[in-house]
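Asker: This is what each chain is made of:
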Amino acid sequence: MKKRWYDYLWIASALYLILGFFNILFAWLGLLCFFLPLIISITTGSKAYCNRYCGRGQLFALLGGRFGLSRQHDIPRWMKSKWFRCGFLLFFLVMFGQMLVNTALVFSGARDLGQAVTLLWTFKLPWHWAYHGGVSPWIAQFAFGFYSVMLTSTVLGLVTMALFKPRSWCVYCPMGTMTQLICRAEYRPERKKTAC
Amino acid sequence: MGNGKRLARVDREHCVACGCCVKVCPKGAIGVVRGVFARVEEALCVGCGKCAKACPASVIEVEVAKQ
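In order, the protein sequence lines correspond to chains V and S.
So for the first sequence, the working numbering puts the first residue at 1; every next one is plus one.
So for the second sequence, the working numbering puts the first residue at 1001; every next one is plus one.
Treat the hints with care, since some could be wrong.
To give an idea of the chain S side of the interface with chain V (calculated C-beta under 10 angstroms), a few residues [said to hold, decoys possible]: (1) Cys1020; (2) Lys1023; (3) Arg1034.
With a Cα cut of at most 20 angstroms, we get these calculated SDA-like pairs of lysine to any residue [as the list claims (entries may be wrong)]: (4) S:Lys1050 with V:Gly68; (5) S:Lys1023 with V:Leu9; (6) S:Lys1023 with V:Glu186; (7) S:Lys1050 with V:Glu186; (8) S:Lys1053 with V:Phe67; (9) V:Lys82 with V:Arg184; (10) S:Lys1023 with S:Glu1042; (11) V:Lys82 with V:Glu186; (12) S:Lys1023 with V:Gly65; (13) V:Lys3 with S:Lys1005; (14) S:Lys1066 with S:Val1046; (15) S:Lys1023 with V:Leu62; (16) V:Lys3 with V:Arg77; (17) S:Lys1023 with V:Tyr53; (18) S:Lys1050 with S:Val1062; (19) S:Lys1027 with S:Gly1049; (20) S:Lys1023 with S:Gly1004; (21) V:Lys2 with S:Pro1026; (22) V:Lys3 with S:Pro1026; (23) S:Lys1023 with S:Arg1034; (24) V:Lys2 with S:Gly1028; (25) V:Lys82 with S:Glu1042; (26) V:Lys2 with S:Lys1023; (27) V:Lys3 with S:Lys1050; (28) S:Lys1023 with V:Gly55; (29) S:Lys1050 with S:Gly1004; (30) V:Lys3 with V:Ile18; (31) S:Lys1053 with V:Glu186; (32) S:Lys1053 with V:Arg77; (33) S:Lys1023 with V:Arg4; (34) S:Lys1027 with S:Ala1052; (35) S:Lys1023 with S:Val1040; (36) S:Lys1053 with V:Leu69; (37) S:Lys1066 with S:Lys1023; (38) S:Lys1050 with S:Val1040; (39) S:Lys1053 with V:Arg184; (40) S:Lys1053 with S:Val1010.
Source of the hints: derived by calculation from the structure; they are not laboratory data.
Even for Gly, the Cβ is constructed at its ideal location relative to N, Cα and C.
Only chain V is shown next, with the shape it has when bound in the complex (with noise of 0.2 angstroms):
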């Protein structure tokens, strides 16, 4: 099979997380993983974003496939239920929004910025030295903020990927979920042909 342009998408999520590492308002730049799968799936009924340009998806892919790090097991039937998929979702989206509040508390100068990364919502791991200063401290919090986001997402990822196929992720991914229901909102199930 011909690789195409965006089979190498994987190397701008690695370089994502590690840009991360030395420069925190690189963060924004994921913002773009959060819109296009929302705007793809909206405008074109479709979910090319999981299919083809998720550069996470095929980190998995690659870590666990060719690299090996994965058992290749079956993923729990509770994992890939409904309820567990939307539960994610929903729980994800909570963490999303206190993030937001956090921003706006910063923002109004009811809080100050903290320079820390979140790891999977709980511990709070040092980064000060990925903030030089220069932008409004709302601006770095949300960076804070999101790239917690992606390297706790990374993180489970990276965990469910080793335990059972290398891309389980997708299966409880919560941008995976919410663009699926978009489809599913807006499927019309073909005519069935007349049977000839």
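Given chain V, put chain S in place with the hints provided.
Answerer: This is chain S only, laid out in the frame that chain V set:
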């Protein structure tokens, strides 16, 4: 296994439409329909099972088609 043709079958109810199966299919016999589920083109499918192995949700199985 009998003499029937081997075919990949997708559990559409649990398919997450990620497209991993599409990427590995050597025959271009599987596609994601409108971002909702994967569908196998039975005439093209050779039942190799690559899609079943790649599927992160393990919702594809290779079965012997009824004749």
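Asker: Against this structure, judge whether each hint is valid.
Answerer: Verification of the supplied hints:
Of the supplied interface hints, the one on Cys1020 of chain S holds, with its beta-carbon coming within about 5 angstroms of a beta-carbon of chain V, less than 10 angstroms. Hint status for Lys1023 of chain S: holds, given a least beta-carbon distance of 8 angstroms to chain V, under 10 angstroms. Evaluation of the Arg1034 of chain S hint against chain V yields a held restraint, the C-beta minimum of about 5 angstroms falling below 10 angstroms. Taking the CA atoms of Lys1050 of chain S and Gly68 of chain V, the gap is near 16 angstroms; set against the 20 angstroms cutoff, the hint holds.
Straight-line distance between C-alpha atoms of Lys1023 of chain S and Leu9 of chain V comes to about 14 angstroms, which keeps the hinted pair within the 20 angstroms bound. Restraint check for Lys1023 of chain S and Glu186 of chain V: not satisfied, since their Cα atoms lie roughly 24 angstroms apart, outside the 20 angstroms limit. For the proposed pair Lys1050 of chain S and Glu186 of chain V, the alpha carbon gap of about 30 angstroms is over 20 angstroms, so the pair is violated. About 16 angstroms separates the Cα atoms of Lys1053 of chain S and Phe67 of chain V, which keeps this hinted pair within 20 angstroms; it holds.
Taken as a hint, the Lys82 of chain V and Arg184 of chain V pair is honoured in the structure, with Cα atoms around 13 angstroms apart against an allowance of 20 angstroms. Distance hint between Lys1023 of chain S and Glu1042 of chain S is fulfilled; the C-alpha atoms sit about 17 angstroms from each other, no more than 20 angstroms. Between the alpha carbons of Lys82 of chain V and Glu186 of chain V the distance comes to roughly 18 angstroms, so the proposed pair stays at or under 20 angstroms and holds. For the proposed pair Lys1023 of chain S and Gly65 of chain V, the alpha carbon gap of about 13 angstroms is at most 20 angstroms, so the pair holds.
For a cut-off of 20 angstroms, the pair hint linking Lys3 of chain V to Lys1005 of chain S is broken: about 30 angstroms separates their Cα positions. Of the supplied pair hints, the one linking Lys1066 of chain S and Val1046 of chain S holds, its CA atoms being roughly 15 angstroms apart against a limit of 20 angstroms. Restraint check for Lys1023 of chain S and Leu62 of chain V: satisfied, since their Cα atoms lie roughly 13 angstroms apart, inside the 20 angstroms limit. At most 20 angstroms may separate the alpha-carbon atoms for a hinted pair to count; Lys3 of chain V and Arg77 of chain V exceed this at roughly 33 angstroms.
A hinted pair counts as satisfied when its Cα atoms are at most 20 angstroms apart, and Lys1023 of chain S with Tyr53 of chain V qualifies at roughly 12 angstroms. Taking the CA atoms of Lys1050 of chain S and Val1062 of chain S, the gap is about 10 angstroms. The hint holds against a cut of 20 angstroms. Among the hinted pairs, Lys1027 of chain S with Gly1049 of chain S is consistent with the structure: their alpha-carbon atoms are about 12 angstroms apart, no more than 20 angstroms. Annotation: proposed proximity of Lys1023 of chain S to Gly1004 of chain S is violated, straight-line Cα distance about 26 angstroms (limit 20 angstroms).
A hinted pair counts as satisfied when its Cα atoms are at most 20 angstroms apart, and Lys2 of chain V with Pro1026 of chain S qualifies at roughly 11 angstroms. As the CA atoms of Lys3 of chain V and Pro1026 of chain S are separated by approximately 13 angstroms, the hinted pair is consistent with the 20 angstroms bound. Proximity of Lys1023 of chain S to Arg1034 of chain S is assessed by CA-CA distance (about 16 angstroms); at most 20 angstroms being required, the pair is judged to hold. Restraint check for Lys2 of chain V and Gly1028 of chain S: the C-alpha separation of about 12 angstroms stays at or below 20 angstroms, so the hint holds.
Proposed proximity of Lys82 of chain V and Glu1042 of chain S is contradicted: the alpha carbons are some 28 angstroms apart, above 20 angstroms. Between the alpha carbons of Lys2 of chain V and Lys1023 of chain S the distance comes to roughly 11 angstroms, so the proposed pair stays at or under 20 angstroms and holds. The suggested pairing of Lys3 of chain V with Lys1050 of chain S holds, with an alpha-carbon distance near 18 angstroms, which does not exceed 20 angstroms. A C-alpha spacing of about 14 angstroms is found between Lys1023 of chain S and Gly55 of chain V, which places the hinted pair at or below 20 angstroms, so the restraint holds.
Taken as a hint, the Lys1050 of chain S and Gly1004 of chain S pair is honoured in the structure, with Cα atoms around 19 angstroms apart against an allowance of 20 angstroms. A threshold of 20 angstroms between alpha carbons decides the hint, and for Lys3 of chain V with Ile18 of chain V the separation of about 25 angstroms lies outside it, so the pair is violated. At most 20 angstroms may separate the alpha-carbon atoms for a hinted pair to count; Lys1053 of chain S and Glu186 of chain V exceed this at roughly 30 angstroms. Distance check on the hinted pair: Lys1053 of chain S and Arg77 of chain V sit about 16 angstroms apart at the alpha-carbon level, within 20 angstroms; holds.
Simply put, Lys1023 of chain S and Arg4 of chain V have alpha-carbon atoms about 12 angstroms apart, close enough for the 20 angstroms limit, and the pair holds. For a cut-off of 20 angstroms, the pair hint linking Lys1027 of chain S to Ala1052 of chain S stands: about 14 angstroms separates their Cα positions. For the hint pairing Lys1023 of chain S with Val1040 of chain S, the CA-to-CA distance comes to about 13 angstroms; that is within 20 angstroms, so the pair holds. A C-alpha spacing of about 15 angstroms is found between Lys1053 of chain S and Leu69 of chain V, which places the hinted pair at or below 20 angstroms, so the restraint holds.
For the proposed pair Lys1066 of chain S and Lys1023 of chain S, the alpha carbon gap of about 27 angstroms is over 20 angstroms, so the pair is violated. Proximity of Lys1050 of chain S to Val1040 of chain S is assessed by CA-CA distance (about 13 angstroms); at most 20 angstroms being required, the pair is judged to hold. For the suggested pair Lys1053 of chain S and Arg184 of chain V, the alpha carbons sit about 25 angstroms apart, so the restraint of at most 20 angstroms is broken. At most 20 angstroms may separate the alpha-carbon atoms for a hinted pair to count; Lys1053 of chain S and Val1010 of chain S meet this at roughly 12 angstroms.
When each numbered hint is compared with the structure, violations occur for hints 6, 7, 13, 16, 20, 25, 30, 31, 37 and 39.
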